[in-house]
Every structure is written in structure tokens, then in C-alpha cells.
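Engineer: Spelled out from the first residue to the last, the chains are:
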Amino acid sequence: MRSQIPRPVQTLIWLFAAFFLMTSMASSQSLSVQPLNLLGSIPPADWEAYRSRFVEDNGRVVDTANGNISHSEGQGYGLLLALAAADRRSFEQIWNFTFTELLIRDDGLAAWKWDPAGKPRVTDRNNATDGDLLIAYALAKAGAAWQEPRYTTAAQKLAKAIGKSTFSRSGRSLVLLPGAHGFGAGDRPDGPVVNLSYWVFETFPVLAALAPEYEWNRVWRDGVMLLQQATSGRIRLPADWLSLQNGLQPQPADGFPPEFGYNSLRIPLYLLRAGMTDMEWLRALKQRWSAENEGVAVVNVMTGQVREQLTDQGYAILPAALACALDGTPVPEPLKTFEPSLYYPSTLYLLAKSLLGEKYPQCV
Amino acid sequence: MRLVGSAITIAVAILGFAAIAQQTGSGTNQPPAQSPPPTPAANGSQPQVDESALRYFASQGDTRRVNAEIARLRALYPNWTPPSDLSQLSGGAAAAAPDPLIERLWNLYREDRIAEVRAAIAERQTSDPNWKAPEELVAALETVEARRRLTNASDTGQWRTVLQVATEAPSLLTCVNVDVLWRVAEAFARTDQPNRTRDVYTYLLQNCANPGERLATLQKALTLLPEQQVTALLQFERKTGESPDDFSSIRDELARRRVERASLDSKMTASAEDLTVVERLIQNTNESGPVLILGWYNYHHGNPARALELFKTALDRNAGAKAAEGYAMSLRALERISEAEAFAYEWRERAPENMKIYLDVATALLSQDPPPRLEPQVLTRIVPVVTAQRFSDAAQALGWYSYNTQQIRTARDWFRTALSWKADDEASAYGLALTTQRLNDRAGFNAVVAQWRSRSQRIADLADGINPPSGRQPAATPPIAAQAPMAQAVESTPLPVQPRLVPRQATVEQVETEQTFSRTEDNVRRRQTQARSALGRSCAMTRNPAGLSGDSALTRGWCLMEINRPMEAVAAFDQAIATGSSRTREEAAYGKSLAYLRKNLTSEAAIAAAEAPQTRERRVELGASILTQRALAAYRDGRYVETLLALSERARIVPEQNDLLLIRGWSYLKLGRYGDAEKVFRAVQQTGYSEEAAAGLNAIREVTGQMRY
Chain A
1 MRSQIPRPVQ TLIWLFAAFF LMTSMASSQS LSVQPLNLLG SIPPADWEAY
51 RSRFVEDNGR VVDTANGNIS HSEGQGYGLL LALAAADRRS FEQIWNFTFT
101 ELLIRDDGLA AWKWDPAGKP RVTDRNNATD GDLLIAYALA KAGAAWQEPR
151 YTTAAQKLAK AIGKSTFSRS GRSLVLLPGA HGFGAGDRPD GPVVNLSYWV
201 FETFPVLAAL APEYEWNRVW RDGVMLLQQA TSGRIRLPAD WLSLQNGLQP
251 QPADGFPPEF GYNSLRIPLY LLRAGMTDME WLRALKQRWS AENEGVAVVN
301 VMTGQVREQL TDQGYAILPA ALACALDGTP VPEPLKTFEP SLYYPSTLYL
351 LAKSLLGEKY PQCV
Chain B
1 MRLVGSAITI AVAILGFAAI AQQTGSGTNQ PPAQSPPPTP AANGSQPQVD
51 ESALRYFASQ GDTRRVNAEI ARLRALYPNW TPPSDLSQLS GGAAAAAPDP
101 LIERLWNLYR EDRIAEVRAA IAERQTSDPN WKAPEELVAA LETVEARRRL
151 TNASDTGQWR TVLQVATEAP SLLTCVNVDV LWRVAEAFAR TDQPNRTRDV
201 YTYLLQNCAN PGERLATLQK ALTLLPEQQV TALLQFERKT GESPDDFSSI
251 RDELARRRVE RASLDSKMTA SAEDLTVVER LIQNTNESGP VLILGWYNYH
301 HGNPARALEL FKTALDRNAG AKAAEGYAMS LRALERISEA EAFAYEWRER
351 APENMKIYLD VATALLSQDP PPRLEPQVLT RIVPVVTAQR FSDAAQALGW
401 YSYNTQQIRT ARDWFRTALS WKADDEASAY GLALTTQRLN DRAGFNAVVA
451 QWRSRSQRIA DLADGINPPS GRQPAATPPI AAQAPMAQAV ESTPLPVQPR
501 LVPRQATVEQ VETEQTFSRT EDNVRRRQTQ ARSALGRSCA MTRNPAGLSG
551 DSALTRGWCL MEINRPMEAV AAFDQAIATG SSRTREEAAY GKSLAYLRKN
601 LTSEAAIAAA EAPQTRERRV ELGASILTQR ALAAYRDGRY VETLLALSER
651 ARIVPEQNDL LLIRGWSYLK LGRYGDAEKV FRAVQQTGYS EEAAAGLNAI
701 REVTGQMRY
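From first to last, the protein sequence lines are chains A and B. The opening position of the first sequence corresponds to residue 1 in my numbering, with each subsequent residue numbered one higher. The opening position of the second sequence corresponds to residue 1 in my numbering, with each subsequent residue numbered one higher.
Because the hints were derived from the structure by calculation, they are not lab data. Treat the numbers as computed from the prediction; the structure is a model and nothing was measured. The beta-carbon is built from N, C-alpha and C at its ideal position, and this holds for glycine as well. A few of these clues could be false.
Said to hold, decoys possible - Pulled from the structure, derived: some chain B residues nowhere near chain A, Cβ distances all over 12 Å:
{"id": "1", "residue": "P100"}
{"id": "2", "residue": "R113"}
{"id": "3", "residue": "D155"}
{"id": "4", "residue": "N210"}
{"id": "5", "residue": "G212"}
{"id": "6", "residue": "N286"}
{"id": "7", "residue": "S420"}
{"id": "8", "residue": "Q629"}
{"id": "9", "residue": "K670"}
{"id": "10", "residue": "D676"}
Claimed, not checked - Label-pair restraints from in silico Cβ distances:
{"id": "11", "chain 1": "B", "residue 1": "A75", "chain 2": "A", "residue 2": "K157", "range": "51 to 61 Å"}
{"id": "12", "chain 1": "A", "residue 1": "L342", "chain 2": "B", "residue 2": "R350", "range": "46 to 56 Å"}
{"id": "13", "chain 1": "A", "residue 1": "P116", "chain 2": "B", "residue 2": "R350", "range": "19 to 29 Å"}
{"id": "14", "chain 1": "A", "residue 1": "P116", "chain 2": "B", "residue 2": "G212", "range": "48 to 58 Å"}
{"id": "15", "chain 1": "B", "residue 1": "E335", "chain 2": "A", "residue 2": "A117", "range": "54 to 64 Å"}
{"id": "16", "chain 1": "A", "residue 1": "G255", "chain 2": "B", "residue 2": "E346", "range": "44 to 54 Å"}
{"id": "17", "chain 1": "B", "residue 1": "G672", "chain 2": "A", "residue 2": "G255", "range": "41 to 51 Å"}
{"id": "18", "chain 1": "B", "residue 1": "R350", "chain 2": "A", "residue 2": "Q309", "range": "25 to 35 Å"}
{"id": "19", "chain 1": "B", "residue 1": "A447", "chain 2": "A", "residue 2": "G255", "range": "39 to 49 Å"}
{"id": "20", "chain 1": "A", "residue 1": "N68", "chain 2": "B", "residue 2": "N130", "range": "35 to 45 Å"}
{"id": "21", "chain 1": "B", "residue 1": "D179", "chain 2": "A", "residue 2": "P116", "range": "44 to 54 Å"}
{"id": "22", "chain 1": "A", "residue 1": "D107", "chain 2": "B", "residue 2": "N130", "range": "33 to 43 Å"}
Stated by the list, open to error - Okay, the calculated bits of chain A under chain B, using three or more residues with CB under 8 Å as the criterion:
{"id": "23", "stretch": "54-65"}
{"id": "24", "stretch": "102-110"}
Could you put together the complete structure from these sequences and hints?
Structural biologist: Laid out in C-alpha cells, this is it:
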């Protein structure tokens, strides 16, 4: 492993500035902070391949690798991809399921887990905050794109619920709790526990506009800071689940493997989608993920040991997107054609492809 | 949704009001909402049907589909009649050409494919921004979506969502959706607004016609509302009409609950009507619930005899531990203490309550005044339980029992044990002081006095030589009063088998030999034969022994024994006990015991043996026989620990014969005590009973061989 020179302070200042400049056209020198347009960024054929495999007629997005359950995250991704594919029909369908089956909590958040074999089928009524963010964000973008006030209204309600129930103080930071219950300082001995991949950065400015009474930009900023803290160790990878009990240094949370795993590998994708390409950590990650090194893998963040290599197209496109965004490297030919396999990597693939199609057409 | 009448509107107002009130946090302070006006039954019997599709087709002038929809609705709701205003609807839009998409949408709607309807509408709007879905369809979709969300929210306990959805979609709150009304009612109850719950049920009972749903409404009310409010809802029972209500099961349940409440509280009485209801429930079902309730009611209201019967019934209905507890408590209340002890012993492991009643009953048994003559096996089974449970009251009672039966060392040990379990037990300390004094155990006496003289006047008095204990009687009033010397019991009662506590108490009556037993058996045989020859055939004729003299009754008893009719012999012996001389009484009691033994009624035999003083010889013989029977019965039932206990008790009185030694060996074997089993079988083998013993030894080899393998 090469040693890297971290530039956290410098980056932080830049990011801080970037956020405030985001809505202003003055930031034209940095194309990356412009929000995504989404609409039409996924080719219809790719979307159709995805939709026909993972979306049922009732609008349920099926996690084919997890006993065909559904979750709020999957519904959120489904909405986002349908919007990116400009498929209003499917968007409405997926929204209908999300609305009637998951958006039933007293606090206005979505129940996260739905099992066709369960009774009731909501088998865990707790929420998953990334799912809530994705749903609210997709609704907000769709409401604007299609001039549909029903979506905007629902997005706003959900944004307020997220701000109310999942923003939590931790020392001097304001963090995003992964769920409204069970992760706070009072809920578990090593609490608060967070998951950095739940910060879907691109959603923050959009939802901040809908629920300005909550401190979105502070949560966004503190998330970036946490990410820098969590990637400052020898291995330079954050564990999926982090305990913030020791305020200065995030530690792998109890009861979870201390791994950079399926959750965290989304973080670079979210950073790229939010246009936060200047984060130094992305270069380190690109290096690690490059073909000469270990590639995309589940890695023990304490030892650096690789537990599992992830070779599916949906994971392989992540380093390709990094290389494109950071160095302008074209995406390799084999990755240009969508070959859907399981729900999760297929989703990551389309999210990456949607980004590349909109922001980096020269790479594809 | 125009069909729904004024009652719905009012109900909606109630619910809307209540739900909003709930959300603003002021629900419970609001005055109760106005009750809807009584609605004629005719209105209520009209099912409220979703006519939105029908009305839409009518407005489009699509007669074919109107007819198809009417047919479909008629099939669903036989009592439904099509609205009369359909023809008026068809006028306006008749000119417009029917839109094939609309028909497809309604079809999807009917198939409950709501997401697809929504999707198709969205798709159409994408291509044709000016296109609008029919209002009826949108309203129908919103209603279905609301119902789904409400149902899902209720299934996951999200009660505020339930109320919010109901407030936003009042069209759901109709008799077509009784399930929704129930869920809303529950949401009110779960958010502490029982009056709103009652309002929903009231609305439902005043307006909805289905008798099954009406009854179910009251059943739900029973689980969610205070009984007063449930009782108030009974006024809506419809006694006339096509399908009258039958709410009697609700009334019964309310009565049952009232009796149940009174059943555990002797200060609360149930009305005769309520008690009759519970009696009827007992007659009409096989359930044990009402039986238990009435059992406890009688127990706590001064009728233990009836309680006993009821608990017996409950036991027969497999009510288990709770019934057993009541049964034992009733026996105790009836002062049938030794029965209570025997019964409670069998159930002691079933639940903590059963263990408690066993310990209480055992303590009561030991503490009777005058001290009872207890069978050795009763004591043997009490002791290990008391020890295991560390129950100090019973330990103290064992102390007094031992004291009063002149087993002073044992008594001292028990008092000491009781104190070790309950350090502040003054009565046990007093017992310990008395016994140490009697035993001249100066160190022990001084120790207890030193610890207690400041806290106990009577212990201080003992130390000061005031009112010294007079030999066999405790000087004060311990939990048991033991005023009379217990000569009978002393001699025949072996001490509790508790080596740790009574190391030296295997001292009682170990002089008898097997000879004694066989000699008395010979005596019995001779006595029976004599009687038989004296009476000839006449004893075989069933005859009431009442009126016979003591001696005649005795002879008749032996004769009946000879022809093996022991239960009739018992009656004859009873007559002899009632009328005979003391010698006759003794022999009759002895005969009666033997008769019971022949029927394997060991506890009755034990009681019979106590009915008249017996010679020591006979006491030993009867004791040994009873224990033999107990051991064999226990062995037959596979209760090997009890088999061994009985055999050990018996071995204390008379030497163990080879056949019983074999039983002992097999019991050890069954319990996995292979070493003990082997010792016993080897001992038997050496006395010449080799074949049986060899079988046992082979069995051990087989088992242990397998185990090693």
C-alpha cells in the first residue's frame, strides 16, 4: 500500500464552500457541484432489462438475493431509476406500492422491510434512513420534472419526517441515524452508530429546499468529516457500521463485522453523483480498486485482509466510473453493455451508468 | 359514494372530529360526540355497495357495461337494488364516444390491480397532458389506497397513521368496510380514547346489518372497552326483523367476568343470575375455565365442599395445575389434611403454586393437634421436599413433630435447620433452646440463649429456670400444640429419612423378623379358614352387615376375605369396629387393613390400621405390607425413586426378602444406578435366587456395554 498524504482540512474547506455555492450559478468553475438532472440518463433498453427482472406489476422492487423481500432502499432506487429512464408509468407503479405498503409509520417514515412470506408483510417496522432519503429525493425530482404536485407533497412530508426523526446530535456533530430507533446514544452501549453509506449526498440540497427548518447542510458536512476521519487509518477504508461513542475517532460498531462491505462500496458512487470528486480519498480508493491492485472487495478494515472479491459488472463499474470521473479514462468495453444479474449490483450498475451518461458521456 | 346516508356523514363527523382532536392532543378532554340519531332498520339492512364503476358507465351511456356491472354487484350483494337515478346520469355524456382505456382501467380496478391503474393513468397523461382520469375512478382508487394503508398501519400497530388515514378518507367509514371501522375503533382504544371507540361501535351497531359482524363488534368491544361500555352497547341488540341479533354470548361473558372477579375476593359476591350463567356454561361446554372460576368462588365464599367437587371436575377437564391447587386447598379447608398432603404431593412439581400448597399442607399436617399418627412414607416424602425448598415453616413443624414424638435429637436438628433458613424465626429458636436443654447440650443451649434472650422472653425464662419444660411437652405454644404424649405414634413412626439431618435416627423398631410376618400370615389364613367353615355358604351371600354383633361381623369379615371379596369384608369389619369389644375392634381394624391391601388401597389400609390400637407385631406386619404394596405399585407405574423409598422404609421395619430385593435391583437399573443394581443382584444370586438375579446382571452388562460402545 502506498502512503497517501491526506488533505482533510483543505478538502473540508472546499466542500463547505461548495455546498453554499451549490445553488448559485457563480460556481461554474466546478461543474461537479451542479445537481444531476437524472431524467433520460438511462437508456430505455437498460431500464427495461432491469424493470422486467426486479419490478413486479404491483410496483414492488424485489431483492432477488435476499429471499425476494423488498425494502425502502429498493423502492427508492426503483423510483430513482424509473425517473432516470423517464418511465413515468413505472415510477407511478413503484410509488403506489411504496405509499400503500411502506409509508405507514406514525412518524411519517417508511417501514424498511417487507416480506411476501411475512404476516404482517412489514416484518420490521423500523425505518432505514437511506431508503427514506432515496424515496424523498426521487419524489422531489419527479415532482419537479413531471409537474406532479402529489410527488412533491409526499417528498416534502418525508423530508420533514427525516429531519425530525433521524438527525441526531453526537458531540459537536449532527449525524444521520440509520434508523429512528435502535442506533442512538441511549439505544446501545456503543451508540450512536452510523452507516456512512446512508449519506446519499446528492439528496441533501434537494431535501433542504423542501424542509429548510432542518440542518441538512450540517448533517451533510459532518458526514463528510466523519468519512474523512473513518478513512484516515492505515487501511483507509471505513467499516460499514461505525460507533461514534468515542467522538473523535469512529470505531467499527459492536455486533457487525469490521468490514468495508456491500454498504460502504456505494460511498464513492454517491460522492461522484453529488459531484464531490475532489475528495482525496477517492484517489486512494481508485488506486486500491484498480486492476493492478485488489479490485472491489469486502475488506477487513482492521487487518486489510480481503474476504471476498466482488466481480459482478455492477461492482466492476464502480472503479471504472472513478477512473472516468477522476482521470477521464473511458469505461472498458465489456462494462458498456448492461447484463443484469442480481438486484443490488444491477442497481449499482444503472446508478453508475446514469451518472456517466449524464455527466461523462465522453467515457461511454 | 352518494348512496351512503346521513348516518355515515354523522359517523364521519364523529371520526373526523375525534381523529383531529386526537392529533392535536386534546381528544380525551372533548365532550362525547353527539350520538347519531337512531336509524331505521331498513336503512341498516341495505348494504352499502361501491357503485362508482356503475355510475361511471351510466354517465358514459354504456348500457352494456352498466348491465354487466349490475349483474356483478347483484351477485355480490343479493339484497342490493340498482340506484334509480342511473338513467339521469346517462343523458349528458352519451354523445362522447366510450374510451377503451377507461374500460381497461375499471377492469384493472375490479381486479384490485391498483398500481397498474395508477401506472396507466400516468402513462396516458404523459402522452396527453390534458387528459384526466374520471373523477369516480380517482375517488375509487384513493379509497382503496387509503384502505390498504389503514390496514397495513393497523397490522403494524401504527395507530396514529390509522386515525390520520381515516380522517383523510372518510368514504372508507361505511358498513361495506366493517373491518376498517373495527380497526379505527381499535386505533382509538390504543391511543387512550375509549369513548371514541365506543362511538364507532355505536355507529356500527346502529347502521350495519350483518348479524355476524354485529356480534363480532361486541366481541371486539369486550377486548377493548370497559365492561360498563360493553353493557351499554347491548341496548342495540335487534330482537326483531329478518335476522335478529343474539348477543346472549356477550351477556354470558360479562356475567362470567363478574363472577371471576368475585371468585378471588371473599368480600365481593356475585348475583344469583350471574352464578347461574356460569353454572350453565359449565353444563354446556367441556371447558375448564368456568369450572375453575366457580370453584374458586365457592372456595372463597365458605363452601369448600362444593369447591372440591368443582375442582375435581376441572381436573377431569384437564385444567391441570391450577385445578390441583384448588383441589388441595379445598381438602385442607375441609380439614382432610392427610388427603390434601397426598394429593398435593403428586402435583408439587407442576407449578410454583402447587409446590407452595404442598409445603403448606405438609406443614399443616405435621402441626395438627393432637399430633397425628403419620405413615412413615408420608414423612419420608415430606422431608426431601422441605429440604430442597428450604421451607422453614415446615422444618419447624418437623421439629415440633419430632419433639412430640420423643425424637429430641431429630427435633433439635430440625429447629437448627429452620433457623438456618430463616434466621429471625423465634419459634424455632425456642424449639432449639428446649431441645438442647433436654439433651443436656450445654454449649448448644448457651449459644441459642445468648443469641435470643434479649429478643424472646420465653427463651430468657428457660435460661433463668422459670417454667422449665415438663418432660415431653413444649412449655409454650409453638405453631403446633402438642399437649398429649404420643405413645402410639412414637413407637410406630420412623423418623424422616434424612441422613444429614437425622444421622442417628434409624433407631426405631428394627427388631422384627421375617418370621413374624409369615407367622401372622399363617394366623390370618387360619382365621379365614375357620370363619369360612363356620359360616359355610352363607357368607357368600351379599348381606348388609348392619345389625350383626361385633363378633359375628368379625367372623363374617374373615369369611369374606377367604372368598376374596375384600370390599364387602371392609363393611363387615367396620361393623365389628363399631360394635365390638376392644379385642374385636383391634382384630377388625387389622382385617380391614388387610382387605384394603388386597385391593391395593394402601392409604385406606393405613387409615384402617389406625382405627384401633394394634399389637406391635401387627403394626409391623401391616406397615410392611403397606410398604410392599406401595413399592410394587410404584414399580408397576415406573416410579422407581418412589419404589426405592418405599422399599427402604420397609427394610427399616423388616428384612428385605429376595423378591423385593430383585425389585430394588431393577429399580436401580432403571434409574441408571448400575453399581447399586449390580450389588443387589449379586447379593440375591448368592442366596440361590440365581436365575432372576442373573437376568438382572445380564441386563446391566448389556446397558453398560452399550454405553461404553
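Engineer: All hints are to be evaluated individually against the structure, with a verdict given for each.
Structural biologist: Status of the hints after comparison with the structure:
1. P100: 17 Å, holds
2. R113: Check fails; 7 Å does not lie beyond 12 Å.
3. D155: 4 Å, violated
4. N210: Correct as stated: the minimum Cβ-Cβ distance to chain A is 25 Å, above 12 Å.
5. G212: Check passes; 23 Å lies beyond 12 Å.
6. N286: 31 Å, holds
7. S420: 41 Å, holds
8. Q629: Holds, because the least Cβ-Cβ distance between B:Q629 and chain A comes to about 56 Å, which exceeds 12 Å.
9. K670: 47 Å, holds
10. D676: 50 Å, holds
11. B:A75 to A:K157: 51 to 61 Å: Violated: the Cβ-Cβ distance is about 41 Å, outside 51 to 61 Å.
12. A:L342 to B:R350: 46 to 56 Å: The hint (46 to 56 Å, Cβ to Cβ) holds, given that A:L342 and B:R350 are roughly 53 Å apart.
13. A:P116 to B:R350: 19 to 29 Å: 43 Å Cβ-Cβ, so the 19 to 29 Å window is violated.
14. A:P116 to B:G212: 48 to 58 Å: 30 Å, violated
15. B:E335 to A:A117: 54 to 64 Å: 60 Å, holds
16. A:G255 to B:E346: 44 to 54 Å: The hinted range 44 to 54 Å holds for A:G255 and B:E346, with Cβ atoms some 48 Å apart.
17. B:G672 to A:G255: 41 to 51 Å: Distance hint for B:G672, A:G255 holds at roughly 43 Å.
18. B:R350 to A:Q309: 25 to 35 Å: 59 Å, violated
19. B:A447 to A:G255: 39 to 49 Å: 56 Å, violated
20. A:N68 to B:N130: 35 to 45 Å: About 40 Å separates the Cβ atoms of A:N68 and B:N130, which means 35 to 45 Å holds.
21. B:D179 to A:P116: 44 to 54 Å: 22 Å, violated
22. A:D107 to B:N130: 33 to 43 Å: 38 Å, holds
23. 54-65: holds (count 3)
24. 102-110: holds (count 4)
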